[in-house]
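Take the sequence shown: its position 144, counted from the start at 1, is 144 in the UniProt record's numbering, and no numbers get skipped.
What the hints contain is simulated information worked out from the structure, not anything from laboratory work.
Mixed in with the good hints there might be a few duds.
Said to hold, decoys possible - Just the calculated beta-carbon pair ranges, DEER-fashion:
id : residue 1 : residue 2 : range
1  : ALA457    : ASP17     : 48 to 58 Å
2  : ARG66     : GLU5      : 43 to 53 Å
3  : ARG66     : THR252    : 41 to 51 Å
4  : LYS281    : ASP219    : 25 to 35 Å
5  : ASN322    : THR101    : 15 to 25 Å
6  : ASP17     : GLU209    : 28 to 38 Å
7  : ILE190    : LYS120    : 17 to 27 Å
8  : ILE190    : GLU244    : 35 to 45 Å
9  : LEU388    : LEU469    : 34 to 44 Å
10 : VAL309    : THR252    : 20 to 30 Å
11 : ALA457    : SER374    : 35 to 45 Å
12 : ASP389    : THR207    : 39 to 49 Å
Unchecked claim - Derived DSS-like pairs: lysine-lysine, alpha-carbon spacing no greater than 30 Å straight-line:
id : residue 1 : residue 2
13 : LYS280    : LYS119
14 : LYS171    : LYS232
15 : LYS232    : LYS193
16 : LYS96     : LYS281
17 : LYS171    : LYS193
18 : LYS261    : LYS290
19 : LYS364    : LYS468
20 : LYS193    : LYS295
21 : LYS193    : LYS14
22 : LYS119    : LYS281
23 : LYS171    : LYS120
24 : LYS342    : LYS293
25 : LYS232    : LYS73
26 : LYS261    : LYS280
27 : LYS93     : LYS290
28 : LYS290    : LYS171
29 : LYS295    : LYS280
We put the beta carbon where it would ideally sit given N, CA and C, even for glycine.
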Amino acid sequence: MKFSEFTLNENLQKGIDGAGYVDCTPVQEQVLNASQQGRDLYVQSQTGTGKTAAFLISVINEMLTRTDLAARKALIMVPTRELAVQVEEECVKLSKDTGLTCASFYGGVGYDRQVALLKKGVDIIIGTPGRVIDLHEGNQMNLSDIGFLVIDEADRMFDMGFYPELSRLIKVLPSSERRQTMLFSATLNINVKNLAWEYTRNPAEITIEAQNITVDEIDQVLYHVSSDDKMKLLLGIISRENPESLIIFSNTKKSCEIIAKRLRMNSIEAEFIIGDLPQKKRLAIMDSFKAGKTKCLVATDVAARGIDVNDLAMVINYDLPNEAENYVHRIGRTARAGKSGKAYTFCSEQDVYSLPAIERYIEKQIPSQVADSSLMVEDKSAGTYIKLDSYHEDYNDKSEFGKRRQREYEKSGRSRNRGNDRSKGTRGSGRYSARNDDARKEYKRDRRVFSEEETAALASMTTEERMKLYKEKFGKASYSSARTSGKKKGGNYKKNGAARKSSEKTVLKPVKKTERKGLFGRIKSFFSKK
Numbered sequence: 001m002k003f004s005e006f007t008l009n010e011n012l013q014k015g016i017d018g019a020g021y022v023d024c025t026p027v028q029e030q031v032l033n034a035s036q037q038g039r040d041l042y043v044q045s046q047t048g049t050g051k052t053a054a055f056l057i058s059v060i061n062e063m064l065t066r067t068d069l070a071a072r073k074a075l076i077m078v079p080t081r082e083l084a085v086q087v088e089e090e091c092v093k094l095s096k097d098t099g100l101t102c103a104s105f106y107g108g109v110g111y112d113r114q115v116a117l118l119k120k121g122v123d124i125i126i127g128t129p130g131r132v133i134d135l136h137e138g139n140q141m142n143l144s145d146i147g148f149l150v151i152d153e154a155d156r157m158f159d160m161g162f163y164p165e166l167s168r169l170i171k172v173l174p175s176s177e178r179r180q181t182m183l184f185s186a187t188l189n190i191n192v193k194n195l196a197w198e199y200t201r202n203p204a205e206i207t208i209e210a211q212n213i214t215v216d217e218i219d220q221v222l223y224h225v226s227s228d229d230k231m232k233l234l235l236g237i238i239s240r241e242n243p244e245s246l247i248i249f250s251n252t253k254k255s256c257e258i259i260a261k262r263l264r265m266n267s268i269e270a271e272f273i274i275g276d277l278p279q280k281k282r283l284a285i286m287d288s289f290k291a292g293k294t295k296c297l298v299a300t301d302v303a304a305r306g307i308d309v310n311d312l313a314m315v316i317n318y319d320l321p322n323e324a325e326n327y328v329h330r331i332g333r334t335a336r337a338g339k340s341g342k343a344y345t346f347c348s349e350q351d352v353y354s355l356p357a358i359e360r361y362i363e364k365q366i367p368s369q370v371a372d373s374s375l376m377v378e379d380k381s382a383g384t385y386i387k388l389d390s391y392h393e394d395y396n397d398k399s400e401f402g403k404r405r406q407r408e409y410e411k412s413g414r415s416r417n418r419g420n421d422r423s424k425g426t427r428g429s430g431r432y433s434a435r436n437d438d439a440r441k442e443y444k445r446d447r448r449v450f451s452e453e454e455t456a457a458l459a460s461m462t463t464e465e466r467m468k469l470y471k472e473k474f475g476k477a478s479y480s481s482a483r484t485s486g487k488k489k490g491g492n493y494k495k496n497g498a499a500r501k502s503s504e505k506t507v508l509k510p511v512k513k514t515e516r517k518g519l520f521g522r523i524k525s526f527f528s529k530k
């Protein structure tokens, strides 16, 4: 169905045409049909299905056409700053001819600037829970005239611990009878259902299946590779494929930073994006990536939510995600709007047991290939210590919410910036001069990796056969042994070879200081104890 077939406001239709939207996606068609009936909505839809345009077009049209909610404002709640910026950009395009104004509000940027925007008047407020609460409780944001409420990525709100703030916000809004509420979530769980039941009126439930988008239209390849060879394989893929744009996913913030810095040491321009980056730096990185100046971005699942890049060429899962659903979220970024894409996944001995759950979820066995030496490139960063930067949330001192958070941290005795608690004397990048070669060789012998023959055989094995091989190959202790066999959590090497031998000598040959004293010294020690 085409957008022009709906009875939409004429000025809004101009914005839709200007944005290049012609045919509705399934979620857009169903949301528009339900919203024009004035119903509350509960929508389960994955990222990349067009849900942002779906709720924006619906809200803008209702604001311009409904007489019972005339002059009412809209509040769109999102979990991350990046998503707030993305929604605002889309809203500006769609509403440019309507006379409606929109702005985004989130932490880490100037509080006074956002207050000035509110004083000018904002019709569509897009924000994260923390900053919206801050502005409201500081008497800077009036929420008594909200006629439309949209909660985007409700599942991520729970994952990030925003439910208490979200609940507080909704309670100060007009009652559900006096507003239209739309709730969007990528996954269906009891928390999101309870939220819908509690704060909506008889919502229309819309479910958009996403498996076909992520599985059928993406060229997926799985490489069984040891942890030590991941970087060499990553360099080989980038060298061979030379993608125009690439997102690399890792499970932790520290490893994201380490991967990006190791790529730079191999002459690959890469940036990392994590939740703790200062907001100005995050926005600058995203602008550079969207403009094509930076072609390689390393991110965690949380930081990547809200990143919307057209024509993303490739996704690489450097780590297997801990949750099967996140695999779909990751690789789906390279198959937006029916386009094809390519996704590579690395499966090491540290995370191999996450694979069966992912394959069950997508109802498909991911094709595997042999990660032989011909696919790998020498890693110039091998054995190099990577210094981690210190980042923290940049709360504005003028913010009442920020002041409360600071008092809570001081009262509890916790540090708000754990990264800065590290010694300022930390070394930068550099090779360990005291590497113990014997310990290194012993560590390499203990690593259990797939041979090329075994990797080739994996492609034709069933899930049960693969799990049997995994158990025989790795055993239950594979993860813990990987964590303690010469690496810190996050990937930086420890000088544990020499340290371990040194500690053993201390235990085996303790120094007995009393035996070295003369007769007079022993007598003096005896009387001093008395």
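Against the structure, the hints come out as follows:
1. ALA457 - ASP17: 48 to 58 Å: 55 Å Cβ-Cβ, so the 48 to 58 Å window holds.
2. ARG66 - GLU5: 43 to 53 Å: Since the Cβ atoms of ARG66 and GLU5 sit about 20 Å apart, the hinted range of 43 to 53 Å is violated.
3. ARG66 - THR252: 41 to 51 Å: Because 46 Å falls inside the window, the suggested range holds.
4. LYS281 - ASP219: 25 to 35 Å: The hinted range 25 to 35 Å holds for LYS281 and ASP219, with Cβ atoms some 33 Å apart.
5. ASN322 - THR101: 15 to 25 Å: Taking Cβ atoms as reference, ASN322 and THR101 lie about 41 Å apart, which means the hint is violated.
6. ASP17 - GLU209: 28 to 38 Å: holds (29 Å)
7. ILE190 - LYS120: 17 to 27 Å: violated (41 Å)
8. ILE190 - GLU244: 35 to 45 Å: holds (41 Å)
9. LEU388 - LEU469: 34 to 44 Å: holds (36 Å)
10. VAL309 - THR252: 20 to 30 Å: holds (22 Å)
11. ALA457 - SER374: 35 to 45 Å: violated (19 Å)
12. ASP389 - THR207: 39 to 49 Å: holds (42 Å)
13. LYS280 - LYS119: Roughly 23 Å separates the two Cα atoms, so the pair holds.
14. LYS171 - LYS232: violated (53 Å)
15. LYS232 - LYS193: violated (44 Å)
16. LYS96 - LYS281: Roughly 28 Å separates the two Cα atoms, so the pair holds.
17. LYS171 - LYS193: Distance ~18 Å between LYS171 and LYS193 Cα, so the pair holds.
18. LYS261 - LYS290: holds (20 Å)
19. LYS364 - LYS468: holds (19 Å)
20. LYS193 - LYS295: violated (39 Å)
21. LYS193 - LYS14: At roughly 36 Å apart (the allowed maximum being 30 Å), LYS14 and LYS193 break the hint.
22. LYS119 - LYS281: With a Cα-Cα distance of about 27 Å, the restraint between LYS119 and LYS281 holds, given a limit of 30 Å.
23. LYS171 - LYS120: holds (26 Å)
24. LYS342 - LYS293: The hint holds at about 21 Å.
25. LYS232 - LYS73: Not OK: LYS232 and LYS73 at ~53 Å, beyond 30 Å, violated.
26. LYS261 - LYS280: Within the cut-off at roughly 20 Å; holds.
27. LYS93 - LYS290: holds (17 Å)
28. LYS290 - LYS171: Measuring from Cα to Cα gives roughly 38 Å; hence the hint is violated.
29. LYS295 - LYS280: Holds - the C-alpha atoms of LYS280 and LYS295 are around 19 Å apart, at most 30 Å.
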